[in-house]
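Chemist: Given next are the chains, with one letter for each unit.
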Amino acid sequence: MKQIFFILILLVVGLFIGIFFSYGVYYGIHKTSSENFCVLCHEMDPMVIAYKNDPHGGKSKIGASARCVDCHLPHDSLVNYIYTKATTGVKELGIHFFGNVDGIDWQKMRESRESFVYDEGCLNCHGNIFDKKLATLSTKAQKMHNHYNKLKGTEQEVKCAFCHFEVGHTGLRNYLNYYNPEHSIYKEKMENKKEELLNEYKEYGIKTK
Amino acid sequence: MKKVLILIYFISLISLIYANSQKEESNALSSSIKITPEIKKKYPLKHSHNKLSLDCIFCHVGQGVNPENFEAVDEDKCLFCHKSKIYLAKRLEFMDTLKANPHNSVHDGPNLYCDECHREHKPSVNMCSECHLKEIKNNIWMKDTP
Chain A
1 MKQIFFILIL
11 LVVGLFIGIF
21 FSYGVYYGIH
31 KTSSENFCVL
41 CHEMDPMVIA
51 YKNDPHGGKS
61 KIGASARCVD
71 CHLPHDSLVN
81 YIYTKATTGV
91 KELGIHFFGN
101 VDGIDWQKMR
111 ESRESFVYDE
121 GCLNCHGNIF
131 DKKLATLSTK
141 AQKMHNHYNK
151 LKGTEQEVKC
161 AFCHFEVGHT
171 GLRNYLNYYN
181 PEHSIYKEKM
191 ENKKEELLNE
201 YKEYGIKTK
Chain B
210 MKKVLILIYF
220 ISLISLIYAN
230 SQKEESNALS
240 SSIKITPEIK
250 KKYPLKHSHN
260 KLSLDCIFCH
270 VGQGVNPENF
280 EAVDEDKCLF
290 CHKSKIYLAK
300 RLEFMDTLKA
310 NPHNSVHDGP
320 NLYCDECHRE
330 HKPSVNMCSE
340 CHLKEIKNNI
350 WMKDTP
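Protein sequence lines correspond, in order, to chains A and B. Heads up: the first sequence runs through residues 1 to 209, numbered per this note's numbering. Heads up: the second sequence runs through residues 210 to 355, numbered per this note's numbering.
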């Protein structure tokens, strides 16, 4: 009788420890998934500004917004999601504290956008893009989405972000240039633009100097 | 009896799903032009278009099936995907600070023809360099024309 009682207590304690840890993990993931967390890194300012200038950042008739993680983490499995979140998080922390942040060529990075924008993320919300009865889908969209389907799983597979560049970050190239001009002749002119932006967007955690 | 019914139900469900996927495939865009390595070499595509595995008839709509007889396309074919000239100009808005936006220049505004600079099957050119040779040559104003 005593033994059964002991096992029961063990089970209950185990259950509570389990719940406590799962809640801890859930809380941790939740808290580190908003743009408020992502913006903590200074080097993300142009991306946050461009995001706030996009329907995905709430600038639409509905006002709904996607979180950074909705597009920038894989959604095929929970394990892959947490693994990618952890590894990229650690990597980026390293770059932030020990790397050469000012030396990052963001324009160049954008050329490989399909490696950090995940189709499953897009399709989680836009799952109806293959629906032929969808009234808002133009013939162009239907044609290209058919093309997407046709190449899926082949060597020439295409990704959403191939065509839909700057989606989620309208005007990103412009904002990146206001912070760090691609070409020398714009340098002086961009200072004023940057100043304007810093003031306009400081409510989103953009740090003014 | 119940088991057999359940089995039949599942088999018909699977076959329905399969039939539907087959239907989807047949709806996909397919070209009757076979793109051989020779054609690919003779009419190479620009980086992004190549990456998307675009077919000849994506642009050369209604021009038959022989690439040798294709004609240059109108710019509405470019704008089919690339939206509008105003949209393209807006993407380079940072250049407006010096009125140096090639898609919205002081000389032509957003009204240039795409193929004044952009070519698909041969190297693009930079029309601005006809006068602004130094700035273009030294890459201090803009990159090579894509």
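These are calculated hints, taken from the structure and not from any lab test. Take the hints with a grain of salt, since some may be wrong.
Stated by the list, open to error - Restricting the straight-line Cα-Cα distance to at most 25 Å, the calculated cross-link-like pairs of lysine to any residue (SDA-like) are:
#	chain 1	residue 1	chain 2	residue 2
1	B	K292	A	I129
2	A	K187	B	H316
3	B	K294	A	S60
4	A	K132	B	F267
5	A	K194	B	V315
6	B	K331	A	C163
7	B	K346	B	D324
8	A	K143	B	K243
9	A	K159	A	Y201
10	B	K294	A	K132
11	A	K108	B	K251
12	B	K251	A	K187
13	A	K193	A	G205
14	A	K189	B	M351
15	B	K299	A	E191
16	A	K85	A	H126
17	A	K189	B	E302
18	A	K152	B	S338
19	A	K143	B	S257
20	A	K194	B	K331
21	A	K159	B	L254
22	A	K140	B	K255
23	A	K189	B	R300
24	A	K52	A	C125
25	A	K108	B	H316
26	B	K286	A	N146
27	A	K52	A	H164
28	B	K243	A	Y148
29	B	K299	A	G28
Chemist: Now tell me, hint by hint, if it's right for this structure.
Modeler: Right, here's what the structure says about each hint:
{"no.": "1", "hint": "B:K292 / A:I129", "verdict": "holds (19 Å)"}
{"no.": "2", "hint": "A:K187 / B:H316", "verdict": "holds (23 Å)"}
{"no.": "3", "hint": "B:K294 / A:S60", "verdict": "holds (23 Å)"}
{"no.": "4", "hint": "A:K132 / B:F267", "verdict": "holds (20 Å)"}
{"no.": "5", "hint": "A:K194 / B:V315", "verdict": "holds (24 Å)"}
{"no.": "6", "hint": "B:K331 / A:C163", "verdict": "holds (22 Å)"}
{"no.": "7", "hint": "B:K346 / B:D324", "verdict": "holds (20 Å)"}
{"no.": "8", "hint": "A:K143 / B:K243", "verdict": "holds (19 Å)"}
{"no.": "9", "hint": "A:K159 / A:Y201", "verdict": "violated (31 Å)"}
{"no.": "10", "hint": "B:K294 / A:K132", "verdict": "violated (28 Å)"}
{"no.": "11", "hint": "A:K108 / B:K251", "verdict": "violated (29 Å)"}
{"no.": "12", "hint": "B:K251 / A:K187", "verdict": "violated (41 Å)"}
{"no.": "13", "hint": "A:K193 / A:G205", "verdict": "holds (18 Å)"}
{"no.": "14", "hint": "A:K189 / B:M351", "verdict": "holds (15 Å)"}
{"no.": "15", "hint": "B:K299 / A:E191", "verdict": "holds (20 Å)"}
{"no.": "16", "hint": "A:K85 / A:H126", "verdict": "holds (22 Å)"}
{"no.": "17", "hint": "A:K189 / B:E302", "verdict": "holds (13 Å)"}
{"no.": "18", "hint": "A:K152 / B:S338", "verdict": "violated (41 Å)"}
{"no.": "19", "hint": "A:K143 / B:S257", "verdict": "holds (17 Å)"}
{"no.": "20", "hint": "A:K194 / B:K331", "verdict": "violated (38 Å)"}
{"no.": "21", "hint": "A:K159 / B:L254", "verdict": "holds (18 Å)"}
{"no.": "22", "hint": "A:K140 / B:K255", "verdict": "holds (20 Å)"}
{"no.": "23", "hint": "A:K189 / B:R300", "verdict": "holds (17 Å)"}
{"no.": "24", "hint": "A:K52 / A:C125", "verdict": "holds (19 Å)"}
{"no.": "25", "hint": "A:K108 / B:H316", "verdict": "violated (30 Å)"}
{"no.": "26", "hint": "B:K286 / A:N146", "verdict": "holds (18 Å)"}
{"no.": "27", "hint": "A:K52 / A:H164", "verdict": "holds (17 Å)"}
{"no.": "28", "hint": "B:K243 / A:Y148", "verdict": "holds (19 Å)"}
{"no.": "29", "hint": "B:K299 / A:G28", "verdict": "violated (39 Å)"}
In summary, the structure is inconsistent with hints 9, 10, 11, 12, 18, 20, 25 and 29 from the numbered list given earlier, while agreeing with the others.
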